[in-house]
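Line order of the protein sequences matches chains H and U. Numbered per this note's numbering, the first sequence spans residues 2 to 223. Numbered per this note's numbering, the second sequence spans residues 2 to 223.
Possibly wrong hints are sitting among the right ones.
[What the hints assert, rightly or not] Which chain H residues face chain U? A few, computed with CB under 7 angstroms, are given here:
(1) A69
(2) C96
(3) D114
(4) N125
(5) K154
[To be verified] Computed Cβ-Cβ distance ranges for the label pairs, DEER-style:
(6) E78/U with D179/H: 21 to 29 angstroms
(7) E208/H with D116/U: 50 to 58 angstroms
(8) E208/U with E216/H: 52 to 60 angstroms
(9) A53/U with V8/H: 38 to 46 angstroms
(10) K108/H with K195/U: 41 to 49 angstroms
(11) V8/H with E188/U: 34 to 42 angstroms
(12) D114/H with A69/U: 39 to 47 angstroms
(13) E208/U with A20/H: 54 to 62 angstroms
(14) S182/H with D116/U: 34 to 42 angstroms
(15) E75/U with D114/H: 52 to 60 angstroms
(16) H29/U with E208/H: 54 to 62 angstroms
(17) R21/U with L12/H: 51 to 59 angstroms
(18) L25/H with R21/U: 43 to 51 angstroms
(19) N220/H with N79/U: 46 to 54 angstroms
Since the hints were derived computationally from the structure, they do not count as laboratory data. Note that this is a predicted model, so its numbers are computed, not measured. Every residue gets a Cβ at the ideal spot worked out from N, C-alpha and C, and that includes glycine.
2 protein chains.
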Amino acid sequence: MKKIEIVQNILEANESIAARNKQLLDKHKVFALNIMSAPGAGKTSLILQTTARLKSRLNIAVIEGDVASTVDAEKVENEAMAVVQINTGKMPESCSLIAAMIEQALKDLPLEDTDLIFIENVGNLICPAEFVLGEHKRIVISSLPEGDDKPIKYPMIFADADAVVINKIDFLPYVDFDILSFRHTVEGLNPRVKFFEVSCKTGEGIERWCSWILEEMANPLQ
Amino acid sequence: MKKIEIVQNILEANESIAARNKQLLDKHKVFALNIMSAPGAGKTSLILQTTARLKSRLNIAVIEGDVASTVDAEKVENEAMAVVQINTGKMPESCSLIAAMIEQALKDLPLEDTDLIFIENVGNLICPAEFVLGEHKRIVISSLPEGDDKPIKYPMIFADADAVVINKIDFLPYVDFDILSFRHTVEGLNPRVKFFEVSCKTGEGIERWCSWILEEMANPLQ
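Chain H with its partners taken away, still in its complex shape:
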């Protein structure tokens, strides 16, 4: 039972820091998206595509979470107004961003001049489901080559998402992925979820995804 108590304490402490992060973001009218997925599903690509389309209208910052390396931060620094890299290092911190890391990162961002923050979580479908960060919306990306059974195998992260982005739809001719069955499984876990079918390579579907972000920013209490 001791282990369970420790975990409970960590999660409660995380929630109270996340609530403080949310207050700080709301005070500065900054909208934050927590972008989660398996490794290689396209988190960085989605952030790059979205930032390229919205940067003329919004000041966009990115918080990049990685176990090691700065390769993603280097990719986005030309598109975003500001980028903060977090390296989560070794266990037990390594498998997800946690609210305390975001609290630190927010100190390095010009919040008064920022409209939108993308928080790119560590590539993992398990741990990030447990840790709220203070974000307004939780986004999960699933890519076609991963297979359509991921919501069955990693239900928690899908159950708690506000939107699921189905990426790499340009792979549809080459993979065995049943989009209807995938959506049906996710809806069974999470009836109110929004879906976006996109290709970050061809740009297909990105416009509708960007429109949704703008609508949510205009009505943050929805």
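Let chain H serve as the given structure and place chain U on it in line with the hints.
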């Protein structure tokens, strides 16, 4: 510091259980492979392909690790002699198999009649790197659609692998994946690693991978 001590205690306890598992396997002359990868890279497909080719020569059992569901166990039960499903449930256990779970699973397998066990770990490139299970060889699968930067971003799991299987090589015309650069990065972390380039869809490269397993089984002390 308290948190670090607790983690240290968990890892040390895990190592001593893993050593007991290894002793038990060696006593029964059973060879065990720990198969690790990101979600959707092809762990189940590799186990199915390998089992189909080797089952006429070897008695093969599979231990299936998943956060939730039994979909993978159902897929392999026609090919393998015996299958044990482990559902790892919620945090903190959920992000990897640990040695104590394997200790339980081994009690449900007919070890005296088994030659080879595939342990399919939870789909994750972070946590499984920390937990030895008692396996003889640690295998990491990377698939082409994930991108060639995974060893830069998740170095620990690659640094400690005995073999890296590059799967979905039939996707080479459709993705931007530099196999030489990928191998070079992995070799920088781990000079003694073996590479196998395969397609679990077409069967390409599986023969060589199976030969390596048979060689390693014949010379387990190498």
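Structure-based check of all given hints:
1. For A69/H, the suggested interface contact is upheld, since its CB lies about 5 angstroms from the closest CB of chain U, less than 7 angstroms.
2. Because the closest C-beta pair between C96/H and chain U is about 5 angstroms apart, less than 7 angstroms, the hint holds.
3. Taking 7 angstroms as the C-beta contact cut-off toward chain U, the hint placing D114/H at the interface is violated, the least distance being around 30 angstroms.
4. Taken as an interface hint, N125/H checks out: its beta carbon lies about 6 angstroms from the nearest beta carbon of chain U, inside 7 angstroms.
5. The beta carbon of K154/H comes within 5 angstroms of a beta carbon in chain U, closer than 7 angstroms, and the hint placing it at the interface holds.
6. The hint said 21 to 29 angstroms for the Cβ distance between E78/U and D179/H, and at roughly 22 angstroms that hint holds.
7. With their beta carbons about 55 angstroms apart, E208/H and D116/U fall inside the hinted range of 50 to 58 angstroms.
8. A beta carbon spacing of about 54 angstroms between E208/U and E216/H agrees with the range 52 to 60 angstroms that was offered as a hint.
9. Separated by about 41 angstroms at the C-beta atoms, A53/U and V8/H satisfy the suggested range of 38 to 46 angstroms.
10. The hint said 41 to 49 angstroms for the Cβ distance between K108/H and K195/U, and at roughly 45 angstroms that hint holds.
11. For the hinted restraint 34 to 42 angstroms between V8/H and E188/U, the CB-CB distance of approximately 38 angstroms keeps it satisfied.
12. Range check, D114/H to A69/U: about 43 angstroms between beta-carbon atoms, so the 39 to 47 angstroms window is met.
13. For the pair E208/U and A20/H, the beta carbons lie near 56 angstroms from each other, so the given range of 54 to 62 angstroms is met.
14. The hint said 34 to 42 angstroms for the Cβ distance between S182/H and D116/U, and at roughly 37 angstroms that hint holds.
15. For E75/U paired with D114/H, a C-beta distance near 53 angstroms keeps the hint of 52 to 60 angstroms intact.
16. Between H29/U and E208/H the beta carbon distance is about 60 angstroms. The supplied range of 54 to 62 angstroms therefore holds.
17. The hint said 51 to 59 angstroms for the Cβ distance between R21/U and L12/H, and at roughly 32 angstroms that hint is violated.
18. Here the CB-CB span from L25/H to R21/U is close to 49 angstroms, well matched to the stated 43 to 51 angstroms.
19. Distance hint for N220/H and N79/U: a CB-CB separation of about 51 angstroms, consistent with the stated range 46 to 54 angstroms.
In summary, the numbered hints that this structure violates are 3 and 17.
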